[in-house]
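There are 2 protein chains.
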Amino acid sequence: MTLACRAAIRIAGIVAMFLALGPIAAADAQNSPLDVAKSLADSALKDGWSYDFLAGLTTEIGPRLAGTDAEARAAEWAQARLKAAGFDEVRIETTPMTAWLRGAETGHVVSPAPQSLVLTALGGSVATPPEGIEAEIALFRTYAELLAASPGSLAGKIAVVTQRQVRSADGGGYGAANPIRRAGPTEAARRGAVAYMHRSLGTDSHRLAHTGALNYVDGAPRIPAAALANPDADQLERLAARGATTVRITLTPRTVEDARFSTVVAEIKGRERPDEIVLIGAHLDSWDLGTGAIDDGAGCAIVSGAARLIGALPQRPRRTVRVVLFGAEEMDYSGPAYAKAHAGEAAKIVIAGESDFGARKVYTMLVPPGTAGSLFARGLVAVLTPLGIFLNRDPARMGGDDIRGLQAAGVPVFSLRQDGLDYFDIHHTADDTFDKVERAELNQAVAAWAGFAYLAAETGVDFRALAAAQR
Amino acid sequence: MTLACRAAIRIAGIVAMFLALGPIAAADAQNSPLDVAKSLADSALKDGWSYDFLAGLTTEIGPRLAGTDAEARAAEWAQARLKAAGFDEVRIETTPMTAWLRGAETGHVVSPAPQSLVLTALGGSVATPPEGIEAEIALFRTYAELLAASPGSLAGKIAVVTQRQVRSADGGGYGAANPIRRAGPTEAARRGAVAYMHRSLGTDSHRLAHTGALNYVDGAPRIPAAALANPDADQLERLAARGATTVRITLTPRTVEDARFSTVVAEIKGRERPDEIVLIGAHLDSWDLGTGAIDDGAGCAIVSGAARLIGALPQRPRRTVRVVLFGAEEMDYSGPAYAKAHAGEAAKIVIAGESDFGARKVYTMLVPPGTAGSLFARGLVAVLTPLGIFLNRDPARMGGDDIRGLQAAGVPVFSLRQDGLDYFDIHHTADDTFDKVERAELNQAVAAWAGFAYLAAETGVDFRALAAAQR
Numbered sequence: 001m002t003l004a005c006r007a008a009i010r011i012a013g014i015v016a017m018f019l020a021l022g023p024i025a026a027a028d029a030q031n032s033p034l035d036v037a038k039s040l041a042d043s044a045l046k047d048g049w050s051y052d053f054l055a056g057l058t059t060e061i062g063p064r065l066a067g068t069d070a071e072a073r074a075a076e077w078a079q080a081r082l083k084a085a086g087f088d089e090v091r092i093e094t095t096p097m098t099a100w101l102r103g104a105e106t107g108h109v110v111s112p113a114p115q116s117l118v119l120t121a122l123g124g125s126v127a128t129p130p131e132g133i134e135a136e137i138a139l140f141r142t143y144a145e146l147l148a149a150s151p152g153s154l155a156g157k158i159a160v161v162t163q164r165q166v167r168s169a170d171g172g173g174y175g176a177a178n179p180i181r182r183a184g185p186t187e188a189a190r191r192g193a194v195a196y197m198h199r200s201l202g203t204d205s206h207r208l209a210h211t212g213a214l215n216y217v218d219g220a221p222r223i224p225a226a227a228l229a230n231p232d233a234d235q236l237e238r239l240a241a242r243g244a245t246t247v248r249i250t251l252t253p254r255t256v257e258d259a260r261f262s263t264v265v266a267e268i269k270g271r272e273r274p275d276e277i278v279l280i281g282a283h284l285d286s287w288d289l290g291t292g293a294i295d296d297g298a299g300c301a302i303v304s305g306a307a308r309l310i311g312a313l314p315q316r317p318r319r320t321v322r323v324v325l326f327g328a329e330e331m332d333y334s335g336p337a338y339a340k341a342h343a344g345e346a347a348k349i350v351i352a353g354e355s356d357f358g359a360r361k362v363y364t365m366l367v368p369p370g371t372a373g374s375l376f377a378r379g380l381v382a383v384l385t386p387l388g389i390f391l392n393r394d395p396a397r398m399g400g401d402d403i404r405g406l407q408a409a410g411v412p413v414f415s416l417r418q419d420g421l422d423y424f425d426i427h428h429t430a431d432d433t434f435d436k437v438e439r440a441e442l443n444q445a446v447a448a449w450a451g452f453a454y455l456a457a458e459t460g461v462d463f464r465a466l467a468a469a470q471r
Numbered sequence: 001m002t003l004a005c006r007a008a009i010r011i012a013g014i015v016a017m018f019l020a021l022g023p024i025a026a027a028d029a030q031n032s033p034l035d036v037a038k039s040l041a042d043s044a045l046k047d048g049w050s051y052d053f054l055a056g057l058t059t060e061i062g063p064r065l066a067g068t069d070a071e072a073r074a075a076e077w078a079q080a081r082l083k084a085a086g087f088d089e090v091r092i093e094t095t096p097m098t099a100w101l102r103g104a105e106t107g108h109v110v111s112p113a114p115q116s117l118v119l120t121a122l123g124g125s126v127a128t129p130p131e132g133i134e135a136e137i138a139l140f141r142t143y144a145e146l147l148a149a150s151p152g153s154l155a156g157k158i159a160v161v162t163q164r165q166v167r168s169a170d171g172g173g174y175g176a177a178n179p180i181r182r183a184g185p186t187e188a189a190r191r192g193a194v195a196y197m198h199r200s201l202g203t204d205s206h207r208l209a210h211t212g213a214l215n216y217v218d219g220a221p222r223i224p225a226a227a228l229a230n231p232d233a234d235q236l237e238r239l240a241a242r243g244a245t246t247v248r249i250t251l252t253p254r255t256v257e258d259a260r261f262s263t264v265v266a267e268i269k270g271r272e273r274p275d276e277i278v279l280i281g282a283h284l285d286s287w288d289l290g291t292g293a294i295d296d297g298a299g300c301a302i303v304s305g306a307a308r309l310i311g312a313l314p315q316r317p318r319r320t321v322r323v324v325l326f327g328a329e330e331m332d333y334s335g336p337a338y339a340k341a342h343a344g345e346a347a348k349i350v351i352a353g354e355s356d357f358g359a360r361k362v363y364t365m366l367v368p369p370g371t372a373g374s375l376f377a378r379g380l381v382a383v384l385t386p387l388g389i390f391l392n393r394d395p396a397r398m399g400g401d402d403i404r405g406l407q408a409a410g411v412p413v414f415s416l417r418q419d420g421l422d423y424f425d426i427h428h429t430a431d432d433t434f435d436k437v438e439r440a441e442l443n444q445a446v447a448a449w450a451g452f453a454y455l456a457a458e459t460g461v462d463f464r465a466l467a468a469a470q471r
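Residue numbers (this note's numbering), protein chains in the order written: chain Y, 1 to 471; chain F, 1 to 471.
In case anyone wonders, no lab produced these hints; they're calculated from the structure.
None of these values were measured; they are calculated from a predicted model.
Keep in mind that a hint or two might mislead.
Stated by the list, open to error - Here are the computed lysine to any residue pairs in the SDA-like style, where the Cα-Cα straight-line distance is at most 25 Å:
| id | chain 1 | residue 1 | chain 2 | residue 2 |
| --- | --- | --- | --- | --- |
| 1 | F | LYS361 | Y | ASP234 |
| 2 | F | LYS83 | Y | GLY311 |
| 3 | Y | LYS83 | Y | ASP234 |
Said to hold, decoys possible - Which residues of chain F face chain Y? A partial, calculated answer using Cβ under 7 Å:
| id | residue |
| --- | --- |
| 4 | GLU60 |
| 5 | PRO386 |
| 6 | ALA430 |
Unchecked claim - Where chain Y lies over chain F, by a calculated footprint (3+ residues, C-beta under 8 Å):
| id | segment |
| --- | --- |
| 7 | 200 to 210 |
| 8 | 228 to 240 |
Glycine included, each C-beta is placed from N, C-alpha and C at the ideal position.
Okay, chain Y solo, but in the shape it has when bound:
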C-alpha cells in the first residue's frame, strides 16, 4: 500500500467518524451519537433485564454442558427470551460435536492415612477402570519439576503437580498456569505415569475442584486426569513430605460421538448498512459442576442486555449489532466452528469482542491497533470514563476464545476487561452460581458494552482502515 493510499484511508476514516459523531438527522435529531451512548449507559445502570436474564438462565436451565440436552434447552430458552426482548432476528445454528460427559469421580488416600480427596475429572479425560486406579503418587511442587523428570521415571505412579495459580486482577496467573492442566496429562504419560492429578487452577481454598479441558496429543498415551481441590493438594503435599503415599482415583466419564451444540444469533439490524456487523459474543454453554453464572451466563446477560437496550432506542443504529451466544466454548469447539461456518462473512464484521470474564465491573478497554488515537476512541472515552473505565495503552491482542477464529480471518477485535481478582475463586467449580453476582456490577458491564457497541455501530468507524494507517 502506498503512503498516499494509507493517508487517504486514514482521512476517509476520520471524516466518516467526525460526521457520524455529529447530530443524526433522524428521530434523535437533537442527540449526537455521544449523547445517545451516554443515555444508553445511564439506562443500563438502572436496568433489571440482564440480572433477570441471568437469574432465569441459571435457575430455569442450570448447568449446560456443551452437547447435552440442557445446552440445547438453554439455546431455546435464550432464543425465546431474545425474541421477546425485541431483537429483529433470532436464530439457532447447530453444529456436530463429540460431547464429553462426566461420570463418577472419587479419590481416596489409601495409605498411610485413609481419607477422601476432593477432585474432578478434566474435560476430555479418558476413564479409569470402573474399580479405579490405585498407585503411589509422585508429587511435584512445580510443573517444571515434572517436565524435568526423565522418561520412565513415573512408571506405575500417579503424577501430582501442586503448583499454585497466582491471583491477579487481570487473570494472568491463569494463563501462566494453563499448561499444567492442558499439557500436564500428556507430559506425565510420556514419563510413564498411569494417571495425573494437579492442584486446581484456582485461587480459592475450598473443597471444590476446578474442572477445565485438557488437550491430549496425538500419538502420546492418554491417561485419566483430574484436578484436586486446593486443600486436597495441600494435604497430599503434607502426606508426601511424610513418606510414601498411595491414592486410589476413579473417573468414569464417557463421550457421545453424534452430539450437537447450538449457537444462538440475535440481531439488531442496521438502518443504513445492515451488512456491516458489530459482533458481541459470550458463551451459553457452561461446565456441569455449577450453573454457569459467572462463566458465562453473565457474559450472555451482558451482551444480550447491551444489544437489547440499543434495540430499544427510537431508531436502529447504522450498522447491525449481532449478539452471538456460542455453544461449546468450554470444550474448545465453538470458536473454530463459528469462524469456519461464517468464513464468507468475516469481511463484513467490522469488529468483534466476547464477554467471558465474569460479572464484575469493567475497568479497562482495549481497542484495535490504530484506534486508540482516533476520534472514535475520544468518543468512547467520553462515554466510558464516567463508568470508571480507562482506555488501555495496549492494543487488544484478543477478543475472546470464541473470537480467535474470526480474528485469524482478519476481523478487528476489542476487549472490555473486568475485575478478575476473585474470578478464579469460583471459575469452573460447583460454586459458579447466581448468588455470586452483584446486580450493580453486572449493570456497569452492560453499560460499557452498550456504549461500545452503539458507538461502533452508529459512527461507521473503520477499524481496519485505522489499523492499516498505523502500519
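Mind docking chain F on chain Y? Use the hints.
Just chain F, lined up with the frame of chain Y:
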C-alpha cells in the same frame, strides 16, 4: 448459709489468692505467678508445637467421626503425642455408643429444571429408601412459617426451610438458628412431611453443605433430613417462586450399635494439691466431611499446647492441670458420659472450660460469678490484656458442650471466647481443613489458655467460694 459464713469464705478465698500471687518459694524463687504466667504467654506466641499438632492430626488422621476406627486412631495418635510432650499421665477412657455413619447422599431437582443439589445428611438422620424419595417441596422462608403450618398440611411433601443464619462474631446466630436443624425434622414430620431439608446453618455461600446432629423426639415420626448448601437453598427459593418444584433425595446412612468412642486424658500433676483439678478440654472427634481443623482439632491443639507449656516450667503448679480431649461431642455423647463417669470427681474440679470455637484469636474472657472483682481476675487481666483480651462484664454461663454435665454437677466454668465472625463459613463442612488456620492466631489462643490455666492452678483461687460469697 449465714452472712458470717459467706464473709469468712470470701476472706479465705481472697487471702489464699493474695498469698499465691506473691513470689513462690521454690524453683521460681524470683518469679511471682504473674511473672510466670506472662512468660508462659510469651512462650506460647513463639511456639510451634500446637500448629504442628494440628497439622499432624488433620493430615495423619484426617476426619474422625465419633465411634469410627479413625476416631480411635486419633485417640492413640494424641496419646502418643502427649506422652512425648512430657505429660505426667496420659490415658484413654472408652465409652459405648451407637455410631452413625454417613452413606450416599444425593439430591436433584426433577422438575421443572433438572439439576443437581448439594446437600448432606444431618447426623442421626434415618435413611431414605435406596432409590430415594421423590416429592414436591413445600418451601418456608422462615422456621416460624413451618411451625405455623397445620397438621397434615405437608402430607407427601418434602418440607424445606430456607431461613438464613445471621453472621456475628460471637456465633449467636448459630444458637438462634439451631432449632431449624435440631427440631425441624420432627416438626416437619408432625405435619405430614416425608422428608426435610433446611438451608445449612452457615454464613458462607459455597456449594458445601453444613452437617450437624438432629434430635428426633420419641413418639414422633422419623423422616430423613438433610442440609442444603446455601446456593442450593437460594436456587430452591427461586424455583419455588416460579411454581411447583419436585425434588428427589437419597440418603443412606446407617448406625452401628456396638461402637465405642475414646476420651484422651492427660495431666500435669499438681505439686501441692494434685487432687484439685483445673480441667481444660476440647473435642477430638470431628465431622466426617472435613478434617476437623477448626472443629475441633484447633481446640485440642490449644489446650494441649497450653498444658504442655505449663508442664515445661521448672516446677509443676500447685494444682493439677487436666487436659480432656472428648471423643463424641458432635454426636452429643461425650459431655453427659464424662460427667457421669467422673461424677465422684466433680467436687475436685476447681474450674473447667472447653476450647471449641475455632482457631482465631481469643478476644474476651468470661469467668464464674463472683470472680470478676477478685484479685485473681486482676492478675488474669494483667496477663491477658497484652494479648488483646478483655474481661467480660457477664459471668460465664457455659464452659462448652462437653462441660455442661460437669457444670450441672456444680463445677465452676469459664470461657475464652474466640473471634467467630467467619467460623460458621466452614463449620461442619468439607472445608474444615488445616489451610484455614493461621499460626499466629492459634498461638494467641494457646497463650490465653496457658495464662488462665496456670493462674488457676498456681494461685489456689476458690471459684466456688467467690461465687458463694457473691450470692
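Violations among the numbered hints, reported as their numbers in ascending order = 2, 3, 5
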